[in-house]
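> Taken in order, these protein sequences are the chains called A and B. Going by the working numbering, the first sequence opens with residue 1, and the numbers climb by one from there. Going by the working numbering, the second sequence opens with residue 1001, and the numbers climb by one from there.
Warning: the hint list may mix true and false statements.
Unchecked claim - Simulated coverage check for chain A against chain B, where a stretch passes if three residues somewhere in it have a Cβ under 8 Å from a Cβ of chain B:
1) 61-74
2) 78-87
3) 95-103
4) 117-129
Honestly, the hints are just simulated from the structure, not real lab data. Here a beta-carbon is modelled for each residue, glycine too, at the ideal position from N, C-alpha and C.
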Amino acid sequence: MMKKLARVISPLLIAFLVLGSLPAVASVPATQANGLVSTQDALSASQVASDRERINELLAREDVQQQLLLQGVQPAEVKARVAALSDEEVSQMANQLDEMPAGASVVGALFAVFVILLVTDILGLTNVYPFVR
Amino acid sequence: MTRLSIWHLPNARAAGVLLCVLSLLLLAGCASTPRISSPERLGIPQQTSIADVPFFGQRDYQCGPAALAMVLNDSGVEIGVDALIPQLFLPNRQGSVQPEMLATARRQGRVPFVLDNDIESLLETLAAGQPVVVMQNLSLPIAPLWHYAVAIGYDLDEETIRLHTGFKPGQDMALSTFDATWARSDRWAMVALPPGDIPRGISAEAALSAISDAERVQGAVELQPSWEALVERWPGLAMGWFGLGNARYASDDQAGAADAFRFATLHDPELAAAWLNLGLTLHSLGQQQEARTALEQASALPGKWQETAATKLASLFPKETP
């Protein structure tokens, strides 16, 4: 019974959270009120039409928000985290978050790997085990 | 199990380990101390150790938040590891990725810079008294053990680097081992500094985009000291003057903004956006003749801003009907 309920509710919940995050994405500043060209716009690839650029950027930001939700980040934090990324960082994360190294300092406990790393630690190529000087 | 295999098993294992070691040696080469051009040329001392960099021990997987907390507190932001975890940590990956290390520093009002990826930049920055977050792969690429540590000093006589790392403050590590583990992240290193400071080990272009990215989050008024510092260090950088112009304009210093935009056009006469902003600023200052000339320059340059410039020119200075 509870499982059935959860099965119905969770897709709805996901959809609402995603929709709720859209306005934050759309609030990326377009141009300054005074009509001056912003430094960020002037720096971004100057050849491409700026509208298309902006749409791609919005889509990428939305994509990263969803990826962060999937990574278990609290929905309340997701918007602010994506807003603090630069355009380049957003596109990096949109394209390759899964391959990106995540600093964590845990090692898999495979025995073969243990032996190899012990040897490389002694050679000074790695620094996995604190007991090797 | 037959007698034969019992006899052969230990030999096979020993041979296997030996083979592994040999092939690893062939693949990786021996760890060697990185080449450092003479400290005299770089203008850095033989050894340095930054005093009083606060140490935060990491919890389970949270070397990212811990490392960031150390550099943030050193730069004057009082924040603990617990407050940084929700801004930085990816629960399902049990780790933190590099772009979010930078983004989190921006949210704390600091300007993050990724240093040029070589050992000299790292040492220069340490010699200037700025602790550096480094990313290492403590293990091998086949079983990566990604780790953030904070470099706080070095000793070129002993060939060591001093790190706040994991659970231990002020650990000295052989430079050769450090460089082997650091090279696996392409020698990624970052600092988080208050607006107005720029690290020594960085190129003009990298500093420019770092300041622009921080400005996007914190606003132009906050970042004005950084733009001032950028053009002081690289006076020939046209985009630096351009950014300074926008920051001064945002702080209601229109005359200063016009000066900065003018410098931008002097250093790069092809920079249409600078001519455009110069024209608009001069127009609001009431200097119509000069404003018109600048807008004409902007609309004569092909590219992204040509259309905008032509429109502005037509609307601000409509052609007189004969």
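> Now look at each hint and say whether the structure bears it out.
Evaluation of the provided hints:
| no. | hint | in the structure |
| --- | --- | --- |
| 1 | 61-74 | holds (count 6) |
| 2 | 78-87 | holds (count 6) |
| 3 | 95-103 | holds (count 5) |
| 4 | 117-129 | holds (count 9) |
The earlier numbered hints are all upheld by this structure, with none contradicted.
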